[in-house]
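Given the structure of chain A, go ahead and fit chain B onto it with the hints provided.
Those protein sequences? They're chains A and B, same order as listed.
Following the numbering used here, the numbering of the first sequence begins with 1 at its first residue and continues without gaps.
Following the numbering used here, the numbering of the second sequence begins with 1 at its first residue and continues without gaps.
These are computed hints drawn from the structure, not numbers from a lab.
Remember, predicted model here, so these are calculated numbers, not experimental data.
We treat Cβ as the ideally placed atom computed from N, Cα and C, and that holds for glycine.
So the derived list for chain B, only partly shown, Cβ under 10 Å to chain A, looks like this:
1. LYS45
2. VAL46
3. VAL96
4. TYR107
5. ARG110
6. VAL114
7. VAL116
8. LEU128
9. LEU158
10. SER170
11. ARG171
12. ALA283
13. GLU285
14. ILE286
15. ILE289
16. GLU306
Which stretches of chain A does chain B cover? Using the computed rule of at least three CB atoms under 8 Å from a CB of chain B, they are:
17. 33 to 43
18. 90 to 97
19. 106 to 120
20. 171 to 180
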Amino acid sequence: MWHPIQALVMKELLAVWSDPRSRVVLIGPPIIQLLVFGYAATYDLADVAIAFYVEDAGGDARELEARFAGSPVFRTVEQLQRESDIARVIDSREAALVVHVGQTFSRDLRVAPPASVQVVVDGRNSNTAMILIGYAGSIVRDFNRDWLRRHGARQPPASLVVRSWFNPNLQSRWFIVPGIVALLTLVVTLVVTALSVARERELGTFDQLLVTPLRPIQILIGKSLAPLLIGVVEGTVIVVVAVLWFRVPFLGNLALLYVGMILYLLAVIGVGLMISSVVRTQQQAILGAFLFLVPSIILSGFATPIANMSFAVQPITYLNPMRYFLVIVRGLFLQGLPADLVAQQLWPLALISLASLTAAGWLFRHRLT
Amino acid sequence: MRLRGLLRKEVLQILRDPSSIAIAFVLPLVLLLLFGYGISLDARKVPLALVIENPTAETASFEASFGQSLYFQPRRMPDRRAAEEALLSGEVSAVVVLRNDFSRRFYEPRGAPVQVLVNGTDANTARLIAGYIEGAWQAWLGQVARDEGLALAAPVILEPRVWFNAAVRSRNFLVPGLVAIIMTLIGALLTALVVAREWERGTMEALLVTPVSTSELLLGKLLPYFVLGMGGMALSVVMAIGLFDVPFRGSFLVLTGTSALFLLAALGMGLLISTVSKNQFVAGEIAIIVAFLPAFILSGFIFDIESMPRVVQWITHVIAARYFVAILQTSFLAGNVTSVILPNAIALLLMAIFFLGMTRRNTRKRLE
Chain A
1 MWHPIQALVM
11 KELLAVWSDP
21 RSRVVLIGPP
31 IIQLLVFGYA
41 ATYDLADVAI
51 AFYVEDAGGD
61 ARELEARFAG
71 SPVFRTVEQL
81 QRESDIARVI
91 DSREAALVVH
101 VGQTFSRDLR
111 VAPPASVQVV
121 VDGRNSNTAM
131 ILIGYAGSIV
141 RDFNRDWLRR
151 HGARQPPASL
161 VVRSWFNPNL
171 QSRWFIVPGI
181 VALLTLVVTL
191 VVTALSVARE
201 RELGTFDQLL
211 VTPLRPIQIL
221 IGKSLAPLLI
231 GVVEGTVIVV
241 VAVLWFRVPF
251 LGNLALLYVG
261 MILYLLAVIG
271 VGLMISSVVR
281 TQQQAILGAF
291 LFLVPSIILS
301 GFATPIANMS
311 FAVQPITYLN
321 PMRYFLVIVR
331 GLFLQGLPAD
341 LVAQQLWPLA
351 LISLASLTAA
361 GWLFRHRLT
Chain B
1 MRLRGLLRKE
11 VLQILRDPSS
21 IAIAFVLPLV
31 LLLLFGYGIS
41 LDARKVPLAL
51 VIENPTAETA
61 SFEASFGQSL
71 YFQPRRMPDR
81 RAAEEALLSG
91 EVSAVVVLRN
101 DFSRRFYEPR
111 GAPVQVLVNG
121 TDANTARLIA
131 GYIEGAWQAW
141 LGQVARDEGL
151 ALAAPVILEP
161 RVWFNAAVRS
171 RNFLVPGLVA
181 IIMTLIGALL
191 TALVVAREWE
201 RGTMEALLVT
211 PVSTSELLLG
221 KLLPYFVLGM
231 GGMALSVVMA
241 IGLFDVPFRG
251 SFLVLTGTSA
261 LFLLAALGMG
271 LLISTVSKNQ
281 FVAGEIAIIV
291 AFLPAFILSG
301 FIFDIESMPR
311 VVQWITHVIA
321 ARYFVAILQT
331 SFLAGNVTSV
341 ILPNAIALLL
351 MAIFFLGMTR
361 RNTRKRLE
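Bound-form chain A, shown alone:
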């Protein structure tokens, strides 16, 4: 039973490996992507262009301006001279934020508080806009606290002490890089699996495979084991780079990660084999892989949280294997997720892989006869 499967797995691996171009595709892009995305995919703001329109020469106005200008998040690009300049710098994206301190700021502050400070934000990126307003708010709050202290006034009756768990400096990279483990293993494994049968069909070698003494189930196992191996190796490399290069902490149990990864890859391979057995050409296979990949990535929580999706879409995500593996991989990296909480994600993943492999097996046999 096992020897012919072993031979088939070797053949599958060689088929991918011996073609220099597909070899490059398997190694080069994932590494480049990991590095580029690891650095690029960030919601953290840095170096944000800020402009000031300060109509008040008073000391308090100057101090507030200095607090904005001195924040490491901002980079001052311009001091505006008239109100119409605000539209010019915001429209052209020269500045993402304009702080406008009106003529009466110092007087209001002294005589009739509160004084107001206007902040104009470019809303073309709504997420950046929200975060910038948050930063502006904390700068104003610090200003208020120090101003009250200096003037011997009473502080507000309650103050917030915010701490963030699992990611104390709130670095997006710690969130994105573990997610890339799920993303890249998905892409590589699915494409390899979806194309393996389609290529043989197109070249006519599949018929040759069928007349060998191998039973369909053995062919199926052989066709699944090779991508599984490729996926696990790829995943391991990414985990190592995440820990050693990006310095993302890995607090959980490595064995649990591999259990999750194998179940996840099996689910993906099942889908790949289904695609493979339905299509006739490689082009259709790639198209099929694509039609699965894109929604999987979008509806997984990789880039935007599932909780934010519309209610009609959220139930669909329960069918998405990537959703569960993302929770596992992020939880194990950042939170050291205990085994019982990992198990909550593992069983749906196991069900999905069982279903997808069974369906693939059925389709496979069905299409052969």
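Using the frame of chain A, we list chain B on its own:
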């Protein structure tokens, strides 16, 4: 005349294999629906654990003001431990603790601390949630000041004005960018696969030995898919405006012109990929890896380019989607801003010329 023959061949091929038409029309439809309803950065009804160790009148008013907020779904938890466990399991995204001595310290000059724990795994959401909590806290402080007639008002208040998107709807920002991603997919994937197949089957070589010139050959490939792509583009824009209620403040003429430029660049990239790889497996992988994923991550569609490390910012300049995303976001939300649209359109033009020129060079070389 020869070109007409080629065009006829391509059109027939497209009509016979429905997968091309599926890519051009069904793909944008499905993707736009999926993305439009699936991707959102607006956190609503955030599950929140509220631990009140010693309930009093002050804590009750605090709790009430959190209950009123649209952003939260607060849930009382008996103690800190239970709340922290819920935070670990992801049941709640944040924990707010009012300690025993809250009401006593409330009247002391330094005030009482409100302890907030957020799940920082998703740093962006954590930041937004912390912002919402701050908003609710500030609203409550204002309420307390009014109720008790105390002079607690903050000396300076912030008046944020979000231009182009006053309600800060993330859909308004994401849907225009999506159009660029979908067009990248269509353009690159369509041509990459179709032409790679011809190379793989050897029919491309057969075409090359006919008297047809390289330019005619490429034009024959380009035109039908260009028409398909523009059709997909029109469909996407209609859906963005009609279905997702994204305002359109620019000019359709400018949008059509820049879309044509972008599509030429994307199709050119697809042609180049297939000419270089000559193999559907490799062409498909490359189309996904160099077209789709960078368009998703490096284009400014969702992640802010200005905040990326300098080296990565340089890389984004070779991603055609980057320029198109800027044009789309501005055209939809801000209007005809020449200082944004013109430089980006020129960049697209240069990229289209580059990709098509490279394809032409590579195709000719094969014959020698």
